Amino acid sequence: MSMRFLPILMGIVGLGLGGCLESPLLDHVQARDLEAVVSPATTGCALSFAKLKLCASLEWVHEPVDENTGEFTLRFWNPATGTEHGPYVSPTAPSTELKVKLWMPAMGHGSSPVTVTPAVDAAGSAVEGIFEATGVYFVMGGHWEIWAQIKQGTTIVDQAKVTYEAH
Amino acid sequence: MRGLRSTAWLAAFAAAGITSHAWAAPCCAGSSAAPALITGDEASLLSATISQGSVIGDAWSSGLAVFRDPGDAEVTRTLKLEGALLLSDRWQAGATLPLVQHDLHRPGAVADRAGLGDVGLSVGYEALPEWTYTEIQPRGWVFLRATLPTGRSALSSQAPGGADVTGQGLTSVGLGALLLKRWSRWDVSLTPEFHVSVADAAGARAGVGAGLGLAVGRRLGDWRVGVRTQPQWDGPRKIQGPGGPEETDRRSVWETGLDVTAPVGDDWSLTAAYTDETLLGPARNTSLSRTVALTLQTRWDR
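These protein sequence lines are chains A and B, in that order.
Just so you know, the first sequence maps onto residues 1 to 167 in the numbering used here.
Just so you know, the second sequence maps onto residues 168 to 469 in the numbering used here.
Simulated from the structure, these hints should not be mistaken for lab results.
Please note that the accuracy of each hint is not assured.
Unchecked claim - Heads up, simulated DSSO-like pairs for lysine-lysine below, C-alpha to C-alpha not over 30 Å straight-line: (1) B:Lys348 <-> A:Lys101; (2) A:Lys161 <-> A:Lys101; (3) A:Lys161 <-> B:Lys405; (4) A:Lys53 <-> A:Lys99; (5) A:Lys51 <-> A:Lys151; (6) A:Lys101 <-> A:Lys51; (7) A:Lys161 <-> A:Lys151; (8) A:Lys51 <-> B:Lys405; (9) A:Lys53 <-> A:Lys151; (10) A:Lys151 <-> B:Lys348; (11) A:Lys161 <-> A:Lys53; (12) A:Lys151 <-> A:Lys101; (13) A:Lys99 <-> A:Lys51; (14) A:Lys99 <-> B:Lys348; (15) A:Lys151 <-> A:Lys99.
Treat the numbers as computed from the prediction; the structure is a model and nothing was measured.
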């Protein structure tokens, strides 16, 4: 090989060495070896709805691990008249509804749709101010936001968020 | 004649090799790869590529690479049709039409969706023609490429795990160059590229990015074996988040690949390619894939 390839080879070696310094293959962890997911504190007024003057807590029924999607419970109360233990009040009016949106700010995208339904008692009647969120799934590990949104059609009336570290 | 045609074929793939790329996972920005360019004596090219990419892991914004566990499978299969047509001695135009299928078998999400990906249009100009051969001066092309958001983006995904994501949701315009030099059996190409995302479906302005591809190949008889590497960077994108305008984190990924091309008759060739995003770094804020691809290409001489 003649000398004319020397600059090219140097370029390739330089690029390669530079790239190898932070090779994901040489320096990575397995997802199963990460520490268990630690949920942020979501008790108390973890979700504060300024416009509606309401608080909400988020309690995980189970987080999205193994073969299951996650599920959590949202409880709403008026801090002027209640606490996280009740009485609970409905955040929605006949023209509004509660939605949950998962958002990954680092990448600017969401995840799978979350299903939100009113909690029901033993008789099958809706319990005021308590909602079940099911099908919670994060498309990749990292820092996520869980947004609870009160929407009237496509208009957001009020919203609040908590953060979540997904592994 | 056969030898000349083979040489033309292999020269074409010396350039085309660096343009093959893995489809990014649903979450991530698109590749900044160059379009297919005519770099030989052809009047037009038509190629069909089938590829299968598996997401091996995710690189977090902090740089931590987390490889996914066995049983956590996210596979993307792509059928991509590409064509390039010479408009004059030095001008050419091209188009890319991808069909994308996602197959997810992840904890909590099992889904299978397919759809049209992001269509690409390009024009190229041979800025450095090779009127006479020199040892040093390469042939050079500049190209302008537009990617249209014809696929479904992660922002509008409705399927579990983003299985229905087939595009970036961004109109982007890329400006780049391809410098190609051949010495006997060796060829080297360099592809710097800069792109800007114009807007997404929500109307939010996006950011800028760049890539730098380097490929080296050698002829072995009628065959060509090549290696390539292509670091890519994307700056923060201004987007409309749930709570208002916000910026994404920077993204970087480093593609490395191996290509083997063989002529199939006089007017056809076949290329097998392997692309790995886990070998070199740094990788930030992206998924990490390994992709195998098979490209069948035919050409029409001038």
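Each hint, compared with the structure:
no. : hint                  : result
1   : B:Lys348 <-> A:Lys101 : violated (51 Å)
2   : A:Lys161 <-> A:Lys101 : holds (9 Å)
3   : A:Lys161 <-> B:Lys405 : holds (20 Å)
4   : A:Lys53 <-> A:Lys99   : holds (18 Å)
5   : A:Lys51 <-> A:Lys151  : holds (13 Å)
6   : A:Lys101 <-> A:Lys51  : holds (19 Å)
7   : A:Lys161 <-> A:Lys151 : holds (14 Å)
8   : A:Lys51 <-> B:Lys405  : holds (26 Å)
9   : A:Lys53 <-> A:Lys151  : holds (15 Å)
10  : A:Lys151 <-> B:Lys348 : violated (59 Å)
11  : A:Lys161 <-> A:Lys53  : holds (15 Å)
12  : A:Lys151 <-> A:Lys101 : holds (12 Å)
13  : A:Lys99 <-> A:Lys51   : holds (16 Å)
14  : A:Lys99 <-> B:Lys348  : violated (57 Å)
15  : A:Lys151 <-> A:Lys99  : holds (7 Å)
In summary, the structure is inconsistent with hints 1, 10 and 14 from the numbered list given earlier, while agreeing with the others.
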